[in-house]
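Engineer: Residue numbers (the numbering used here), protein chains in the order written: chain A, 1 to 525; chain B, 1 to 676.
Honestly, I wouldn't trust all of these hints.
Claimed, not checked - What the simulated footprint calls covered on chain A by chain B, stretch by stretch (three residues with Cβ under 8 Å from a Cβ of chain B suffice, anywhere in the stretch; the number is not a length):
| no. | segment |
| --- | --- |
| 1 | 75–81 |
| 2 | 193–206 |
| 3 | 298–312 |
| 4 | 418–427 |
| 5 | 440–447 |
| 6 | 450–459 |
These are computed hints drawn from the structure, not numbers from a lab.
Where is the CB? At the ideal position from N, CA and C, for every residue including glycine.
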Amino acid sequence: MTLELPVDLLFGLNLDLNLDLTRVMTANAIVLPVVLPLLAAFLMQPLAQVSRFLARLLGPLVLTLGAWIILNTWLEVGPAPFSVAIGGFAAPLGIVFYADQLALLFALAVQVFTLLFWPGLGAGAKSEVAADRQRAPRRDALALLLASAATGLALSGDLFNIFVFYELAAVASFGLVCADGSGRAWIATLRYLFISAFGSVLALVGIAILYLQTGTLNLAQLAQVAPETLQGPIGLAAFALLLIGFGVKAELFPLNAWVPEVYATAPARVSALLAGLVSKLAILVIVRLLILVFQQPEASQLLLVLGVLGVLTGEFSAWRAQDFPRLLAFSSIGQLGLVAIAFSIDGTTGILAGTAVALHHLIVKSALFGLANRWSGGLDALTGAAKGAPRAAGLFVLFALSLIGVPPLWGFWIKLLIMVGLVQGGSPLDLLALGAILLATAVEAHYLFRVALRLYQPPVPDRALRLAPPARWDTGVAYLLGACLVVISVAITPTTEALRVLAQQTGDVLLYIDTVFPQPLAYKE
Amino acid sequence: MATSPTTVVDQLLAGLHLPDGFDAVAGVIREFLDQVTNSAIWTRYGQQSLEWLIGMNPVDRLFMLSALTLLLMLLLGRLRSAGVLAVLLYGAQFAALLSTDTLFGAPLAAAVRITVADQSLHWSYDALSWFFAMITIGTGFVTAWYAAGSWMRRYREAGRSARAFHVALALNCFGMLLLVGSADLLSLFLGWELVSWASFLLMALVGGPAAQAALKYLAYAISGAMLILGAIALIYGISGSFEYDAVVAAIRSMTDAQVWTLLLLLGGGFAVKLGLLPFHLWQAAAYAEAPGAGSVFLGAISARMGLFGIIVFIVGMIGVSRLMTLEIPYTFMSSRELIAWIAALTIIVPTYTALQQHDARYLLAWHGIGQGGYMLLGLMVGDAVGSAGGLLHCFNYAITQAALLMAVFAVVHRTGTADLNQLGGLVTRMPLTFLVLLFGIISLAGLPPMAGFVSKWMVYRSLITEGMPLLFVAAVVGTLGTILSVYKLIHNIFLGQLRVEHQEVAEAPLSMLIPMLGLSALIFLAGFIPGPALSWVAQVQGQLGLPVVPWVLGGIVDPRGGLDMIWLVGILMAGFGVGALVFYGFGGRSRRVHQLDNYAGGHFLTADVHYQYSDNFYAGLMHLIGPWYRGSFRWLERSLAATLDLVSFGAEGLYRLAQPTLLMLAAAVAMLAWVL
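The following block holds chain A by itself, in its conformation from the complex (with noise of 0.2 Å):
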């Protein structure tokens, strides 16, 4: 008996010690979906000119290997935390990714939605894919550079990295934007250009100032002595900075001028790719420094200021748009602001809603520009397109009563919780937000379903011929999508939990910082 005790405890010991590695092991591997994509957009061109065929293969394989990955690591290593220095060198000196919940469901829906959008999937008409052929492998090659380069943003625990792939995101969406090649893309690309070099010189000021201020640009350690460093003007000017910079590609009101144009000329499934995707990402770093950094009511109400006058102005110029892309991006701009509005709200519930409505708008818009693909144009020539695509047609009608917030839908609840949260906040800007929100809905109902009806009107007789109903990857995207959202809008509850703990899990700042620098064990006891 006395001797048994200790082979016990040594075979417990062996037992943890193994788990350990493993998890670090595993934990180590989500470093891949950043990296491959990375390499394999570097080797797309040399392949290209081995075999087309390979290299038009490569894409959809990263992204695969990169979602199972993700899943795997998950799976795991379980709902805790865990941050990952590379190299081996320890933060604050190293670089850090910081993977939680909420940073590994956006990385998967990184590599899942660059897939499920991979723009040469299920290409439409064969003489499309004739002339498709020779830009396909740069396409490809910006396609999965845009992939890491999200997928970093959503991981990366420094504020210097954040950067980084920011900018190549930009770059990368730069060439996506133009990649078809047309004289409107250009100039729409220009725009862009312009506002998101400005944005960058932007936070590159605030990064400046939060260095000069902190002397670090690590995220946890910027968390250990925000509250001494950066409160008052300085460290809000330096918010400020940073949400005119990131806000750039998170859609935020003034900041956010290229986005019509771009999404109007852009390919259908690169706009979805940035409506839904990369704007999420870009809010993400900006809710990651809110929680983290910029602990302060003031910079809440920054926030929710640009989210009322993003939702404001893009419901309105929605309700005047005449063709449907133009229509999504204003929608689009719209519902970005309506993330703003929900993350501006104090503690669990505002971050909660906020992650609700990103997941809702991202698996709501991109299958609508995913429908868009053929619907291009103005909003006349949809007359009686369900007659073609009835199916299409009728996933329309649905992803729009979601972003309406018709019960029992999922946006309904969403919209409810952000209403709620509001209220329970009380002051004059809360209500006007939600003031705000009821009014930019009606409208939002009004211009959704003045298209709905066109859909479904008689067809006009020799415009129905010109019009193709939507590729049948696009339809099938969407009927996923669809289902996404109302499996989603069944099981609400566990849903809305999930997302609960995932919300705690994030809002928990000293989390942040053990995860990152962790403790010696006996210090900790």
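Once you've looked at the hints, dock chain B against the given chain A.
Structural biologist: Okay, now just chain B, sitting in the frame of chain A:
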């Protein structure tokens, strides 16, 4: 056997509290059922299903049947027999509603409840729910019957989807049943949105002008829904719960300013659906352009959901006495008078707009808006007779409007037009339809002996006894407009000269006539013996905490002047009898001539001679009151739309700036200035 169809029917009949004379009818039904029960198929399958159904919670059973109707219409709506199936299913829903016994019995909660992230949605039926659900399902039943035969064949031949129609109707019913049974703010909003979107579906089905009208409706409806949602959020901010108990407590603790806010938000939201001024412009076109049977359903019950909301929140939770204490600053009016005057204006303005209409569908739809005003007016008086009149008018109006619209759409079915300038003389071609319309307009105008008289009389009487003579005058002015316009309606369709192209027109098909005649009989019966309907209303009043109307079989008893319709109708009939005796007794004889073979003023009148014009009816009256139609509300609506357009133009301009970076710079400077 504990649960056989016979016992079920017995229980249902017992729940109805019918007078003894109906025993014979029950006997016939029972005999038929006994035969069914003895068949082999029944013992094999029917018995089990019945026992399962009997075992359910009655409210769940009602919801389940309604959802089943929706599902079956979705699956089988394309079949030719779907119409008949729908009629049977609505009948089953009606039976299920009776079996809840929530009118005379205690309120009953549904076992179904949905929990969403620590909020729970639940439903419960009480007398108020029962009353509105009864009207809803009844309307659904007659509408489905009306649509089941010839009407639907024509509808299909026009290349339209029968399934879409059946689904839209079933969805409307389902949504309304959920709405009137809602027992917390969330289930209320769920039902509200379901009803709003379902009626949008029904309106937009046929496209063209109907789709335009539906889109306008949507703009109004969603704005109203957002007002309600805003109110729900504000209530939650104060009460911390969506449950009605907590809401009532919260309202009691609210300051006057808060109650005002709530009143404006909720009142505004529900008023949109009810079509109260100034939110009434959407309703006429949306209801009139809907496909015939759909128009009947919408016209009869749909707008009543707004009234339901007002009853639950403003009459039930806030209470008329609280309304009286809410003074409008710098005036002598309280909020109750404000609502009453809005109701009175809602009676007058749309009714006189109806007078101008040249389309029978629009004429009736405009009237529907005005009639909503009587209901609200009665409820705002708040005494026993007035509120009973308001509630009773919901029922009376529903059967009246359904019958009227059915008659008009039967004419459309046969002649292809509802244009009052293109019709005339159809009384000889469609005598039964004429009779239905005649019954309907008497009731709509509020004249004895029809149902509409009873409820309107009660509203008038309460306005006088409670000392509101000006409102009484307003209500009577409205009724004058009704009488004028329904006369125009029946004259231009049925009286006067028959048009050549309508010589061969036949009576409405039987499938449409049966529900029409049934409703006409009901209109007369509910006027002749208002007691049963009054007993329902009394239950609703009791549950809402209003004073209960002292009803008897023939009307009401009251020391300040009661009403006994049995006597009144008896005297009226006796008068008619005397008149007939005089007429026929003194050899009054008539000779039938063909309408196109006439003689007048020394000339033979052939078909190509118009001796009677119905174009520009009431030209003289319009000469007098025409300048009063200023179209102010349309102007208001247009200027709102223009404002929205302007604001949108401005917003869009921000995205079109040639130098977007300047805007960014300005934003950066502004933000820095703000934080520093």
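Engineer: Three residues minimum, CB to CB under 8 Å: does the segment 298–312 of chain A make the cut for coverage by chain B? Let me know.
Structural biologist: holds (count 3)
Engineer: Using a Cβ cutoff of 8 Å, are there at least 3 residues of the segment 193–206 of chain A near chain B, or does the coverage claim fail?
Structural biologist: Coverage by chain B holds here, the residue count being 5 at a Cβ distance below 8 Å.
Engineer: Are at least 3 residues of the segment 440–447 of chain A within less than 8 Å of chain B when you compare beta carbons?
Structural biologist: As far as the segment 440–447 of chain A goes, the hint holds, because 5 residues have Cβ atoms under 8 Å from chain B.
Engineer: Confirm or reject the coverage of the segment 418–427 of chain A by chain B under the rule of 3 or more residues with a beta carbon closer than 8 Å to the chain's beta carbons.
Structural biologist: It holds: at least three residues are needed, and the segment 418–427 of chain A offers 6 whose Cβ sits within less than 8 Å of chain B.
Engineer: Cut-off 8 Å, C-beta pairs, minimum 3 residues; does the coverage of the segment 75–81 of chain A by chain B stand?
Structural biologist: Since three or more residues must qualify, the claim that chain B covers the segment 75–81 of chain A is violated, with 0 doing so at under 8 Å.
Engineer: When I compare C-beta atoms, does the segment 450–459 of chain A have three or more residues closer than 8 Å to chain B?
Structural biologist: Holds: 5 residues of the segment 450–459 of chain A have a Cβ under 8 Å from chain B.
The structure is inconsistent with hint 1 alone, although it conforms to all the rest.
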